[in-house]
Amino acid sequence: MTKRILCDIPLNRVEGDLEIRVALENNRVVDAWSSGTMFRGFENIMVGRGARDGLVITPRICGICSTTHLMAAARALDRIAGVTVPDNAIRLRNTALLAEHCQGDVRQSLLMFLPDFASAAYAEHPLYAEAVTRYTPLQGTRCIDAVRQTKTLLEIIAILGGQWPHSSFMVPGGVSYVPPLTELNQCRHILRHYRQWYERSVLGCTLTRWQQVQSASNLDAWLAESAAHRDSDTGFLLRFADRAGLRELGRGHGHFLSSGLPDMPAETAAGPYAFAAGFRDSTGRCQPFDQLQVAEHVAASWYADYPGGRHPSTGITEPYATGAEGKKYSWGKAPRYLDLPAETGPLAERIIGNDPLFLDLLQRDGVNLVMRQLARLTRPARLLPAMEIWLDEMIARPDQPYYTPVQHMPDGQGYGLIEAARGTLGHWVEIRDGRIARYQIITPTAWNGSPRDSMDVRGPWEEALIGTPIKDIGNPVEAGHVVRSFDPCLVCTVHVVGAGRLPLHC
Amino acid sequence: MASLYWLQCGGCGGDTMSFLGVDSPDLIELFDALDIRLLWHPSLSAISPAEHDALLARLLSGEEALDILVVEGAIIRGPANTGMFDARHGRPKKDLAAALAARANHIVAAGTCASFGGIGADDAIQATGLQFLKKEAGGLLGKDFRSRAGMPVINLAGCPCHAEVMAGALTALVAGQTLELDEFNRPLDWYGMTVHQGCTRNEYHEYRVEEWDFAQRGCLFFHMGCHGPLVDGPCNKLLWNGRSSKTRAGVPCFGCTDPSFPTASPFFETRNIEGVPIDLPKGMSRAHYLVYKGMAAAAAPERLKKRDTRI
Numbered sequence: 001m002t003k004r005i006l007c008d009i010p011l012n013r014v015e016g017d018l019e020i021r022v023a024l025e026n027n028r029v030v031d032a033w034s035s036g037t038m039f040r041g042f043e044n045i046m047v048g049r050g051a052r053d054g055l056v057i058t059p060r061i062c063g064i065c066s067t068t069h070l071m072a073a074a075r076a077l078d079r080i081a082g083v084t085v086p087d088n089a090i091r092l093r094n095t096a097l098l099a100e101h102c103q104g105d106v107r108q109s110l111l112m113f114l115p116d117f118a119s120a121a122y123a124e125h126p127l128y129a130e131a132v133t134r135y136t137p138l139q140g141t142r143c144i145d146a147v148r149q150t151k152t153l154l155e156i157i158a159i160l161g162g163q164w165p166h167s168s169f170m171v172p173g174g175v176s177y178v179p180p181l182t183e184l185n186q187c188r189h190i191l192r193h194y195r196q197w198y199e200r201s202v203l204g205c206t207l208t209r210w211q212q213v214q215s216a217s218n219l220d221a222w223l224a225e226s227a228a229h230r231d232s233d234t235g236f237l238l239r240f241a242d243r244a245g246l247r248e249l250g251r252g253h254g255h256f257l258s259s260g261l262p263d264m265p266a267e268t269a270a271g272p273y274a275f276a277a278g279f280r281d282s283t284g285r286c287q288p289f290d291q292l293q294v295a296e297h298v299a300a301s302w303y304a305d306y307p308g309g310r311h312p313s314t315g316i317t318e319p320y321a322t323g324a325e326g327k328k329y330s331w332g333k334a335p336r337y338l339d340l341p342a343e344t345g346p347l348a349e350r351i352i353g354n355d356p357l358f359l360d361l362l363q364r365d366g367v368n369l370v371m372r373q374l375a376r377l378t379r380p381a382r383l384l385p386a387m388e389i390w391l392d393e394m395i396a397r398p399d400q401p402y403y404t405p406v407q408h409m410p411d412g413q414g415y416g417l418i419e420a421a422r423g424t425l426g427h428w429v430e431i432r433d434g435r436i437a438r439y440q441i442i443t444p445t446a447w448n449g450s451p452r453d454s455m456d457v458r459g460p461w462e463e464a465l466i467g468t469p470i471k472d473i474g475n476p477v478e479a480g481h482v483v484r485s486f487d488p489c490l491v492c493t494v495h496v497v498g499a500g501r502l503p504l505h506c
Numbered sequence: 001m002a003s004l005y006w007l008q009c010g011g012c013g014g015d016t017m018s019f020l021g022v023d024s025p026d027l028i029e030l031f032d033a034l035d036i037r038l039l040w041h042p043s044l045s046a047i048s049p050a051e052h053d054a055l056l057a058r059l060l061s062g063e064e065a066l067d068i069l070v071v072e073g074a075i076i077r078g079p080a081n082t083g084m085f086d087a088r089h090g091r092p093k094k095d096l097a098a099a100l101a102a103r104a105n106h107i108v109a110a111g112t113c114a115s116f117g118g119i120g121a122d123d124a125i126q127a128t129g130l131q132f133l134k135k136e137a138g139g140l141l142g143k144d145f146r147s148r149a150g151m152p153v154i155n156l157a158g159c160p161c162h163a164e165v166m167a168g169a170l171t172a173l174v175a176g177q178t179l180e181l182d183e184f185n186r187p188l189d190w191y192g193m194t195v196h197q198g199c200t201r202n203e204y205h206e207y208r209v210e211e212w213d214f215a216q217r218g219c220l221f222f223h224m225g226c227h228g229p230l231v232d233g234p235c236n237k238l239l240w241n242g243r244s245s246k247t248r249a250g251v252p253c254f255g256c257t258d259p260s261f262p263t264a265s266p267f268f269e270t271r272n273i274e275g276v277p278i279d280l281p282k283g284m285s286r287a288h289y290l291v292y293k294g295m296a297a298a299a300a301p302e303r304l305k306k307r308d309t310r311i
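So the sequence lines, in the order shown, correspond to chains A and B.
For reference, each letter of the first sequence is one residue, going 1 to 506 in my numbering.
For reference, each letter of the second sequence is one residue, going 1 to 311 in my numbering.
Chain A extracted, bound-state conformation (with noise of 0.2 Å):
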C-alpha cells in the first residue's frame, strides 16, 4: 500500500505567511488544504465608522495593493451617492491602479516567483548559475534593478494623489486633486523612462513587437528570434520553465473569473486596453460577469456556520474559532461564481478577454503555471500604453473637472467591483444613519486561495497543486512556483491569511 504523509508547507515571498497542508503519495501532492493564520477582522472594524472612512482604512489592508482597495471603496460610494464621476477623474484613478499594478506585476515576478530558481534546489538545471547571478535576493542583477526602477513608477501615485502606498486621493464623485499640467508632464516623463526599462530588461523588445506575438508558434519563434528577447526576464522565465519541466504544473480547476475594468471615461482612445470582465469554466463557456452570482460559503472556515453560500450584501464574519469538528480549517471564507471555484488574475482576464496567445497556450499546454506566470510579467504591455493614454488626454483637456461635488453621503447599498493586480476584488457597503452598516470584502486571494466550501470543492491553488511532484519536502519549491503563480496576498485575505495549524505530521 502506498504510503500516505501529511506534510506542513510554510511559505514566504508571497505578501504576508502562508502555510499549506499536502497529503503525499509517491512524494506527488495527491491532496491539499490552504488556510489563512491571521484574522484582522478588517470586515468589523469598519462597523460603525463614518460613511468615506472606507477609504481610509480599506487601502490599510494591503501595503502592495492600497490603490486598488482604495478604488473599490470610492467606486462603492460613487454608486450609494448616484454620482457621476467625470471624465478626467476616470483617466487620474485608472492610471493611478495600473501604475500599482505594473510596479506590482513586475516586483511579484523578479522579487518573488523566480528567486525559487535560484534555489539550491534547482543545482542540477543547467540554467542555475545563470540564475543565481540574476535572481539570488537582494544581490542578483535583475533583483536589484527591479528594486531600482520598480519604485520610479509609483511616483506617479505620489504626483497625483500624494503617496503610495496608503493614500486616500479617490473619493466619492472623483478626485481630491486637481494635478496642474506641469505635473502631468512629469508623470509622463516617469512613465516613459519605467516602459523603456521595462522594453528594454523585462521583455527585451519593444512593446509593438511584443504585441506581435499571438500564438504559441509566435512565441517559441519569439524566443528564437534573438540573444535580447532570451536573456530578458519572459525569456528567462520561459527558457527556464521549460527544462525544469513546469508547463506540466499547477493546472486547477480551469475556471476563471475577472470583473473586467468598468470605468472608462466617455471619451478616450484606451478602449482597446479595457480589462474584460466575466466568467468561464472548464468547458469554456463564457458569461457576461453579474456580482449577484458571488457567494461566500464557510464550512472550512473558523465563522459561525451558515447553509451553502451567502452573498456578500447580506455576509456576516463572526469568528468561531473551533479545530474541534476536524473540518475548519482556514481564516478565509470560500468564494464561489454560480457555486463553483473560480480563479482570477492576470491569466483569468486575458482567457476570458479572448487573448490570442493565451487561447492558444491554453488549447495547446492546458492551464499552467507558466502561463499563469507568462501572463502576469507581461501585462504592462498591455497597461503602459493605456496608461499614457490617459495622462495625454488629461493633459489636454486642463479645463474639464477632476470632481463631481458630493455634498452629503446618503445612506444606502453599493459595491465597488475592480480588477485588482491579483484578480477580482469586491467591496460591498451599506451606510445606515450616516455610518457604515456593513461591510464585506472579497479580495482577490479569497478567490484563489480559498479554503473547500461547503460542497467540500476544494479552492483553485489547493486543486491546482494536486499532482505537483515534491522532491525535498524540507525545500519544496514546486508547491512554491504553484502557488506563488497566483500572486498570494495573504495580508489581503482580511478575514484570513496564513494557514491555521493543526499538528504538523510530517
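Simulated from the structure, these hints should not be mistaken for laboratory data.
Keep in mind that this is a model prediction, so the values were computed, not measured.
Take the hints with a grain of salt, since some may be wrong.
A few chain A positions that, by computed beta-carbon distances, are all more than 12 Å from chain B [to be verified]:
{"no.": "1", "residue": "172"}
{"no.": "2", "residue": "228"}
{"no.": "3", "residue": "253"}
{"no.": "4", "residue": "314"}
Short, incomplete list of chain B residues facing chain A, as computed with Cβ under 8 Å [claimed, not checked]:
{"no.": "5", "residue": "45"}
{"no.": "6", "residue": "120"}
{"no.": "7", "residue": "246"}
{"no.": "8", "residue": "292"}
All C-beta atoms, glycine included, are put in the ideal place defined by N, C-alpha and C.
Add chain B to chain A, keeping to what the hints say.
Only chain B this time, still in chain A's reference frame:
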C-alpha cells in the same frame, strides 16, 4: 556586519513596500553601506522553510547574535489573549516576537501598528504595539523592557512608516548613535515637528481660508478633518516617494503617526463647536486661537480668498 531579522505580524506589508522605495541611498546601497546582513525578510528571503526554522532556533538559543529586530504589523493578542488570530506553525506569533525581542540588541517597530497597535487596537483581535497600546506604555513587552543594548523599542510610527525614517534609524543604530526620543519613543528628528510643517497649503491655513470640499486649494483643517496641525510627523518635510504628500494632493492628514490612530470619529470631518475646531493646533489655547483666527481671516489677502495662490 549587522544582522537583521524582519518579523511580520498583524499588518499589511505596507512598511516593507514603503521601505522598498527608499531613495539615495536605495535599499541595495543602504544595506551595503551599513554592512547589514539580512537574515530574513518574509517578502524577500529565499532560504528554505527548513533553513528558516534552523535560523530561528539559532537566534532564540543565542547561538547566533541578532543585532536588529524589525517588527512590522501589530501584535495580535486575540481571541481571549491566546494570540491565535495570528499563528505560525500553530503557535501565536506574539510569543515569537517576545522571544526574538529578548535576544535583539536593538528593536525597531516599523509603522504605527507595531508601535501602538494601530488598526485593530480597539477591536476583537486585541492588537497592541510592542511597547505601547495606543498612548499607554506597556504593550507586549512592558513599559520597563529594554533591549540588550539597553534601549526601548524605537517606534517609527506612520501608516506606513516613511522609507527615509527607516533608513535613517537603521543608519543611526548601526553607527552606535543615540536617537533622541519623544514620550512615545519616536525619534524627535522626524517626530519633533507637525505634519502641517511644510504643507504647501500653509498660507491658506494662516489666513483661515477654509475648504468645504475636495479638489480645491484651501486649507483642509477647519472642515475636512485634516490632522496636520495636531500630530507629529515628517510627511511634508521629507515628502513621499520623493514627490509630494497627502495634504499637498488634497487629502487631509488622518494622523497616522499618532498613537491614537485610527481615531473613532469619522475621517474627512472636523469636529467643531460653532465652526471652531474642537481639536486645536498642538499647544494652542482656545482663547488665543479665536482671536488670532478671527483677525487672520479678516486680514486674508484677496489672492488667497480667490484661491489664486497655487499649492
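> Are there hints from earlier that the structure breaks, and if so, what are their numbers?
Replying inline: 1, 8
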